[in-house]
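Visitor: Chains as they are written, first to last, in the numbering used here: chain A, 68 to 363; chain B, -5 to 163.
Misleading hints may appear alongside valid ones.
What the hints assert, rightly or not - Listed below are the simulated BS3-like cross-link pairs for lysine-lysine, each with C-alpha atoms no more than 27 Å apart in a straight line: (1) 120/B with -4/B; (2) 157/A with 312/A; (3) -4/B with 91/A; (4) 225/A with 78/A; (5) 225/A with 91/A; (6) 120/B with 29/B; (7) 120/B with 32/B; (8) 138/B with 120/B; (9) 91/A with 132/A; (10) 138/B with 117/A; (11) 78/A with 120/B; (12) 123/A with -4/B; (13) 157/A with 138/B; (14) 157/A with 117/A; (15) 301/A with 313/A.
If you're looking for bench data, these hints aren't it; they were derived computationally from the structure.
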Amino acid sequence: MPIAHEFEYAKPETIEEAVGILNKHGTDAQVLAGGTDVVPGLRDGLVSPKLVVDIKGIAGLSGIKREENALRVGALATFTDLIESELVQKHVPLLREMAMTVASVGVRNRATITGNICSAVPSCDSGPVLLVLGASIHATGPNGERTMPVAEWFTGPKTTALGSAEIVTSVSLPIPQEEHGAAYVKLGRYRGEDLAQASVAVLALPDSEYRIAFGAVAPTPLRANRIEELLRGKVFGDALIDDAKKLVPDETSPIADIRASREYREHMLPIMFERGLRAAVARLAGDGPAYGAQLI
Amino acid sequence: MKRSITLNVNGEGRSIDVEPNETLLEVLRERLGIKSPKIGCERGDCGSCTVLLDGRSMRSCLILAVEADGHDIVTIEGLSKDGPTELQQAFIDNNSFQCGFCAPGIVLAATELLARNPSPTEDEVKEAISGNLCRCTGYDPIVKAVLDVGSGRARRQRSGPPPREESTG
């Protein structure tokens, strides 16, 4: 079925030019990067802009760079770029483990991590991982540049803190201390194209510090503060895991949708959390399954 | 408003005027007569519209034709200009087609895999084609064809039986 909606197309060459276009056209303009969400949205009538603004011609939005204690992921970096990046593999293997679960090669070659968080569907794979890493999101708008913590980014299903006429230019990921273990566990119906039915990201740091986030089980990806608090400083073992699993229902509010029933999500979440937690702790100890291994 | 774009399709520059809402898939099929990319789900799930864009497999249903201006596009028609590739021949030898609808996409996805990873494992093959749906349940012979190329078995079979099994020399 062709795209029935008609629109104009602009391909600015600088971020200033792009912001100027967005500022002029307001909600009539739609930013386009990888297009794996935008094009189906155009076809389905979920978005009906008068102007599509392709940002792929803007220099400086590509690539993954090392900065002081962070990786700077450009707005045009695809999931394949993340998977193939030696910097990512060396410093933030969790990001690679997550990227490998996103859709399939043909989508990962095109889809960007920045687009993933801008679409902000509750099941987005990037959300839980960026939350446990404490990422920052850099945007440029009519009033210049600003940086937002990812904790303030997701404001609801498909909504974000991004202002009108603002464009995300990059995402900064603080590099966790060398000694860390992490895991991303994604439940899906099959390996190819599926969105997460539920997901959990775990970061285990020395001295029994943990960061945990869930995806697809609330209106936005969310940090599990109460579970983190319970685990902090405690001796790791079966009893502690059991106590922590009991808090999972308090932290999450899954719904039934086309991909899974509420009951199935509720049943699987504590199991996924335990698998992720055990893998992260084992990896912290220099043991455990290799990053990218199927944990569920 | 129509825009003039140039696509480098299968090594040949094709200039064409397109509307911004035309997808690359539609332009290839309906305007340029290249029919190997198929119209399937049109939302990136099935992989039947796969083309290689600058050497990477992508969903032509999710790309506006204007976005592809100036880029290299390879379809099955370009791949087999000089007869079937080794991979395509392995598909024939393994009976990896039934209805054939998914085949162009899977061949292109596997071509990309083999270009980057000439000897993939079975898991790597399955991962590479996991976004290409085959509804004839033909996955086993498809995976076998790709593995045959990766292991060099396809080449040995075409050139007659080897004098000895597997030389590591």
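Visitor: None of the hints should be skipped; say for each whether it holds.
Guide: Now the hints, each set against the structure:
1. 120/B with -4/B: The hint is violated at about 41 Å.
2. 157/A with 312/A: Roughly 31 Å separates the two Cα atoms, so the pair is violated.
3. -4/B with 91/A: holds, 22 Å
4. 225/A with 78/A: At roughly 25 Å apart (the allowed maximum being 27 Å), residue 78/A and residue 225/A satisfy the hint.
5. 225/A with 91/A: holds, 23 Å
6. 120/B with 29/B: Holds: residue 120/B and residue 29/B sit about 26 Å apart, inside 27 Å.
7. 120/B with 32/B: holds, 21 Å
8. 138/B with 120/B: Holds - the C-alpha atoms of residue 120/B and residue 138/B are around 10 Å apart, at most 27 Å.
9. 91/A with 132/A: The hint is violated at about 32 Å.
10. 138/B with 117/A: violated, 48 Å
11. 78/A with 120/B: violated, 37 Å
12. 123/A with -4/B: holds, 20 Å
13. 157/A with 138/B: violated, 33 Å
14. 157/A with 117/A: Status violated; Cα separation ~43 Å.
15. 301/A with 313/A: holds, 16 Å
The structure shown violates the earlier hints numbered 1, 2, 9, 10, 11, 13 and 14.
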